[in-house]
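> Residue numbers (our numbering), protein chains in the order written: chain A, 2 to 426; chain B, 2 to 426; chain C, 2 to 426; chain D, 171 to 324; chain E, 171 to 324; chain F, 171 to 324.
Please note that a few of the clues may not be correct.
Said to hold, decoys possible - Here are the simulated distance ranges between beta carbons:
| hint | chain 1 | residue 1 | chain 2 | residue 2 | range |
| --- | --- | --- | --- | --- | --- |
| 1 | B | 284 | D | 245 | 15 to 23 Å |
| 2 | C | 299 | F | 235 | 57 to 65 Å |
| 3 | E | 281 | F | 297 | 54 to 62 Å |
| 4 | B | 349 | D | 202 | 14 to 22 Å |
| 5 | D | 245 | F | 297 | 50 to 58 Å |
| 6 | A | 86 | B | 400 | 52 to 60 Å |
| 7 | D | 190 | C | 109 | 27 to 35 Å |
As the list claims (entries may be wrong) - If you want the ones that stay clear, here's a sample from chain A, every Cβ over 10 Å from chain B, calculated:
| hint | residue |
| --- | --- |
| 8 | 96 |
| 9 | 103 |
| 10 | 116 |
| 11 | 287 |
To be clear, the hints were calculated from the coordinates, so they are not data collected in a lab. Here a beta-carbon is modelled for each residue, glycine too, at the ideal position from N, C-alpha and C.
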Amino acid sequence: MDIRHEETALEMPVSTPHGPWPEDSLARVPYWVYQDEANYKREMQRLFEANTWNFVCLEADIPNKGDYRTNQLGELPVIVVRDADGSINCFENRCAHRGSLIAFDDGGNVQNNFKCIYHAWSYDLAGNLKGIAFERGINGLGGMSKDFKRETFSPRKLRTTTLCGLVFATLSPDTPPIKDYIGSAVLGRIKRVLNRPIRVMGRFVQPLPNNWKLYVENVKDTYHASLLHTFLATFRISRLTQGGGVLVSPDGGNHSSYTIAIPEGANATAYKDQQIRTDQDGRFALADPSVLESVEEFGDHIQLQILSVFPGFILQQIHNCLAVRHVVPRGVGKMDLVWTYFGFTDDSPEMNRRRLKQQNLVGPAGFISMEDGCVGGFVQRGTAAAADHVSVIQMGGSTAESQETRATEASVRGFWKAYRRCMGY
Amino acid sequence: MDIRHEETALEMPVSTPHGPWPEDSLARVPYWVYQDEANYKREMQRLFEANTWNFVCLEADIPNKGDYRTNQLGELPVIVVRDADGSINCFENRCAHRGSLIAFDDGGNVQNNFKCIYHAWSYDLAGNLKGIAFERGINGLGGMSKDFKRETFSPRKLRTTTLCGLVFATLSPDTPPIKDYIGSAVLGRIKRVLNRPIRVMGRFVQPLPNNWKLYVENVKDTYHASLLHTFLATFRISRLTQGGGVLVSPDGGNHSSYTIAIPEGANATAYKDQQIRTDQDGRFALADPSVLESVEEFGDHIQLQILSVFPGFILQQIHNCLAVRHVVPRGVGKMDLVWTYFGFTDDSPEMNRRRLKQQNLVGPAGFISMEDGCVGGFVQRGTAAAADHVSVIQMGGSTAESQETRATEASVRGFWKAYRRCMGY
Amino acid sequence: MDIRHEETALEMPVSTPHGPWPEDSLARVPYWVYQDEANYKREMQRLFEANTWNFVCLEADIPNKGDYRTNQLGELPVIVVRDADGSINCFENRCAHRGSLIAFDDGGNVQNNFKCIYHAWSYDLAGNLKGIAFERGINGLGGMSKDFKRETFSPRKLRTTTLCGLVFATLSPDTPPIKDYIGSAVLGRIKRVLNRPIRVMGRFVQPLPNNWKLYVENVKDTYHASLLHTFLATFRISRLTQGGGVLVSPDGGNHSSYTIAIPEGANATAYKDQQIRTDQDGRFALADPSVLESVEEFGDHIQLQILSVFPGFILQQIHNCLAVRHVVPRGVGKMDLVWTYFGFTDDSPEMNRRRLKQQNLVGPAGFISMEDGCVGGFVQRGTAAAADHVSVIQMGGSTAESQETRATEASVRGFWKAYRRCMGY
Amino acid sequence: MDITRLVELNAAYARVIDNEQFEEWPKLFHDPCLYKVTTAENVAAGLEGGLIYADTRGMLEDRISSLRKVNIYERQRYRHIVGLPVVLGQANGAADVETPFLIVRIMREGTMDVFATGCYRDKVKPDEAGALRFAERIVVCDGRRFDTLVAIPF
Amino acid sequence: MDITRLVELNAAYARVIDNEQFEEWPKLFHDPCLYKVTTAENVAAGLEGGLIYADTRGMLEDRISSLRKVNIYERQRYRHIVGLPVVLGQANGAADVETPFLIVRIMREGTMDVFATGCYRDKVKPDEAGALRFAERIVVCDGRRFDTLVAIPF
Amino acid sequence: MDITRLVELNAAYARVIDNEQFEEWPKLFHDPCLYKVTTAENVAAGLEGGLIYADTRGMLEDRISSLRKVNIYERQRYRHIVGLPVVLGQANGAADVETPFLIVRIMREGTMDVFATGCYRDKVKPDEAGALRFAERIVVCDGRRFDTLVAIPF
Ligand code: FES
Ligand code: FES
Ligand code: FES
Ligand SMILES: [Fe+3]
Ligand SMILES: [Fe+3]
Ligand SMILES: [Fe+3]
């Protein structure tokens, strides 16, 4: 049952919880956005519980009727469940009676209904309240009054949509269809990878000591990869001097960066010339290079693709190492990064072994991605006393459109474009 | 020394820290009451430090002169001590000088006075400041000025009262006498159990991951017991279909529920009919049922009685297993539940052994009460994104009077009746 | 790049975040100063980031060009580094690009520049932004716009000053010269101890469960020492009845207390007469008194000197045990006390061994100072429900000038004099 | 009594619990037996009450069937780290033994807490087959706090 | 296989890591070998993927050269507390062993966290010189959470 | 030197502290001896200073009489979990030994923290009666932080 205060309902933001936005440029962001409690609460309501599509699970996670998974939209707990007709339902994981979690495991199978453990109220697979224990009381005593309208008491229901085996949910009736939401350019890059049935290979959770947006920025930051990650530069997995670029959706929120396996040509010495640490060419070699042995899998020479859907979904292809990542806020200064490694159901044993080896590149212990685990915390701590100062996101200009280079922060600016629109800043 | 700001002194609540109370019905409570920091601070001042009686210790804990115990009223630390004349004093555990805890153990014996360790100021057993180290300085230098009025500097003193060996304290001069406060009906149920000298059998503390009120509601919730706790239903320790009811004090704050050892008759199959999980009759049996072997102890066929005194005291009789529980808030989302198991000084060895075995039923590892340890956390998490939504407390109507059935939430509504009065909502 | 909101810029405090200051006397302080979040944030801006000198390291920590240490002014992370010309620079440890910590170890040596790990922007030893990776992009794509003024983008720079081998820093242009800041009387006591080159003997960190000001008060509190610390009284290391006194700087913020090795004479029995716990004379003796064997080192019979510089620096001489301590706030209810034990480069082996043994007296496990580790927490907890009550700091009057006795709280009042001026209370 | 066999008994004890082979746990006790979970404070104060109190193998089995079938709680597991047993005395084939322990509780979503520390006070003797079994295991916890609930035995 | 030698192998294993003698670590494995870090949940679900996956000693050496030379992270170290090995079976000189572990991570500024707990599932056999070495060490962590990053092997 | 006897020495050491039989603690040392509590960082930096520094049994006894009689602190206790000793070398009856440890501190109201982890660097040799005793025990803590205060020895 939903009662909203007037002020909440009416509240149209004219300024931020922290005063006016410092400067109307996508190239400047004040550091309080990573620190302010009121702003964090507002993100829950304006982003995660509003007009955004949020990743909730894979179709492969819930193949059969009654299969369910639990997840969160920001801090909103939800249940995603496969219905009898094969459709997928999603509703708030909160009992309509006194608010207990209805399900408190990662997932499982309930046959036809969920039963709250507290007082045994029960729900069908669409989240409709169906049963109330002792609704009529005993010997005419107790029970619910006759005029109690059970239908009007249900957990909040979410809309769901599926795309290439991914399941997204939104609490808002106004969120546009997923294809429009993502935009055709980025959409094509999702279809490129998720082109046949997948199989999950492993799951891990990586808690990070930073605000959730610092990680999302990091993922969208095509500029940092080869400058922070020695592996990418040294082994030419991804250098700014290699072919590639970044696609940014018109609304800014979604992106896909890519590196193409072509030689660097004239710029081959650029890293050495600038004495960039990550160029260990010649100084660092692998005793067993099999971790880098990959095969062309998608027929387009794209050896690395990182893709994000606003606000918190990430799809990764690094050589033959595939994963989806889900960003879950855990308060203003903490987040969880949920990793799901996958392959395809038709993988050969060799391809399976190749993926297992290449999984060394990513995740909490990834040769490549390890640094992304700590750098967000470095920013969180570096800006501790700088709430009213701003970050400078000006590489490649001040706009957020697709570019043929990765020496740009265009998709980071894109994130702030979408963020400010949702937050009303 | 006590200086209150004007605003604090004057502040008469016209609304809540979270906007207007959603609906003027005892059957609806907004979830922000379990989440809001400002509301929590207000509870400390309006409930625990105002017109309520708070359990501080057992008389048996401090039999002799100078025996003391420390405890808390909400977050107010206090010392309870037995005086020379056998009376019991209670005062704030805060030195009048610079605010150190005067006592920092659970209890013990000080002969005639407490001495603060920081600068050795000393207090008599009534909490009066009696000694100041080097009050006159040395060689005419230093020390306190002559006009310093030692009498006017003492920790805040609380009123105490005893009832059947229980000791309660209040900071307010206006709190009514304990018997009027509790009300005759519930009072009778205290006297029924605490009818002779007791002996403590064990102490444990159970931290819970939820707001303190969620546990108090759980204790008052006669509806949940046999639906959540398989043991109660399966072994017919307490079923809604057995005889019993709930007494609620006129002001709503205190309650006593009870189950009478009489057969279920016509309703014997009600649990099975509703396919209620907790009915494991026939499916679950004990290899050694001695844990359930009890004797009629109070001569009135009441085999289970749960009793609460507003805001945070609980007295329990389950067969021959007796305990008092004390609810101590630890911030908005945490609390401690302090268990004291007891028996009587005249227990036979058999009765002692019986109680030891039945203690398996309660406490953090209790066959029965285990679920109460986690269900509060389930509500805390289930309602994380539902601050402006409400719980539906409508079983057995919308009022808070005593009822002949336990298929009701009458005493939960009673809690909110008392809570809203104290909080000014 | 620094953008301050109007309101922040203009904000001139007419009252505190917690209402008016209770009483205009240095002898009264409300307990909310140890509890209030808004007040804590204000302390960061008005004290640590404003007109105060903050200890950042020892000159001995960074003898050579490129040697650096990291530290904090309140919560502001800084880098202190020795420049080519031997001067010492200090700047905010925050990259001008997107805010990462530039250095994330305690210290080390960078030869000529710091390089941020995130995108390889580089800084010279003065904190000037010197290099931007791929500033010109690649093949005419990406990079920074031509008109980007690199000079205007640097971390905030701090002024530094050195004194007897100590390095202090301030963010404000208005902080007076260190000698004026400290005042001649206290200054003399620093020079007395730090009269020749030192060598670091050990480093430890002691987290304390209390607001940072409770520890600073404790250090300035000449009244408590022999009443709390049995060792000081029993072994006559420092008794109020021995010679000594306290120096307070005119502005109140800095102090030096001292005990002179002269007999107590007439007052020899004062502790016994008042039955003060810490007088264990005759009841407690050491099996191996070598821990107390000291030699007159500074030629003035001062056997104990405790000295503080506002807000968080402490210099200690107890017999031959020397240390500096640095107070680092860690939120409203926590702090770190950073210990650096030292001796002199010309110490004989005997003197070295003497210092090693006497180090048993101080630090987290110090025979003397152990109690200071817990007493702050006792005040924090004792005052938990007393935000609007006040501490009584009246020993030795209500003013904050130097006194010939230590039976006074003059230097504690001095702290509040300086604190209220900085905070605008 | 051979220290190595005591160490192996404790390793087996920890393993069956941490690997969730709970049904094996009661088999490590004699019948009748005494298994109790309490605190150092209760022991020091001479208070007999326990969090768990079982004096037959049947009562131990009921603990397991209850946590398997009827009790409700969030998925969790333990990791025991058991120290070296100290034999305090021996008499007619039975030994009094003290063994320190540390239990980390791992919750479903992955949080790890130091859940309990303390000392096992045991009476150990061989069964008919000569295998060492507990005649008595008093679990004396150092602290008084038991977070949320205790479903799995210590 | 002699339990004492297994205990010594595990003590040496923990010591080279906790003392930061990382280069010694690969030498405790055979070549080829299998070293994998995963979770009890992945194992239970039959998911093969690992946080770390190495099937040659060279891959183990690459882990070390990488953490020494190229990876960026804040200074930290581990403290292993390793329990008693339980030998599950033996065949032609190789033993299947299970050993519980607890790892505390100590960060540069001194914070100590329970970083991981779990069970080593090992295949151990002697090398030519007769020294016990790991043919297989599957690190099965009890929890799913790996805070910030994993630079140092478990 | 027989590993089992070293293990028993360490078990006895942990037990007398954790059971609060503090007066037994100095008896496990020779006289003179060296007992020091410091950190890996100080050792690495060649800094001699210690949190606790005692070179006679008398100084150890003073630690105990002080914590018993004169120092003020909130009630607390430790639980040591001690790993397996590694013998680094032996010479004329004395052994150089390294032993990892973990100390959990349990406060009066029941909170349990990982209070310290590290490594004991010991010189052990038998006394006249042949009982193993510490000629030297350097407690090298992994971290630099010592929360609130250290009253009880490590
Ligand atoms: S809270 Fe779910 S049934 Fe009562
Ligand atoms: S604080 Fe109690 S005597 Fe000073
Ligand atoms: S944050 Fe430092 S270079 Fe980008
Ligand atoms: Fe990255
Ligand atoms: Fe219950
Ligand atoms: Fe002191």
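> Now tell me, hint by hint, if it's right for this structure.
Status of each hint after checking the structure:
Range check, residue 284 (chain B) to residue 245 (chain D): about 22 Å between beta-carbon atoms, so the 15 to 23 Å window is met. For the pair residue 299 (chain C) and residue 235 (chain F), the supplied restraint of 57 to 65 Å is violated, since their beta-carbon distance comes to about 31 Å. With their beta carbons about 40 Å apart, residue 281 (chain E) and residue 297 (chain F) fall outside the hinted range of 54 to 62 Å. For the pair residue 349 (chain B) and residue 202 (chain D), the beta carbons lie near 21 Å from each other, so the given range of 14 to 22 Å is met.
Distance hint check for residue 245 (chain D) and residue 297 (chain F): the Cβ-Cβ separation is about 52 Å, which falls inside the suggested range of 50 to 58 Å. A hinted range of 52 to 60 Å is violated for the C-beta pair residue 86 (chain A) and residue 400 (chain B), which are about 44 Å apart. Between residue 190 (chain D) and residue 109 (chain C) the C-beta distance comes to about 47 Å, which lies outside the given range of 27 to 35 Å. In this structure residue 96 (chain A) is not separated from chain B by more than 10 Å, as the shortest Cβ-Cβ distance comes to only about 7 Å.
Once the 10 Å rule is applied to beta carbons, residue 103 (chain A) is inconsistent with being away from chain B; the minimum gap is 7 Å. A beta-carbon of chain B comes within 10 Å of the beta-carbon of residue 116 (chain A); the shortest separation is about 7 Å. Under the 10 Å C-beta cut-off, the non-interface status given to residue 287 (chain A) relative to chain B holds; the minimum distance is some 45 Å.
Violation of the numbered hints given earlier is confined to hints 2, 3, 6, 7, 8, 9, 10; the remaining hints are satisfied by the structure.
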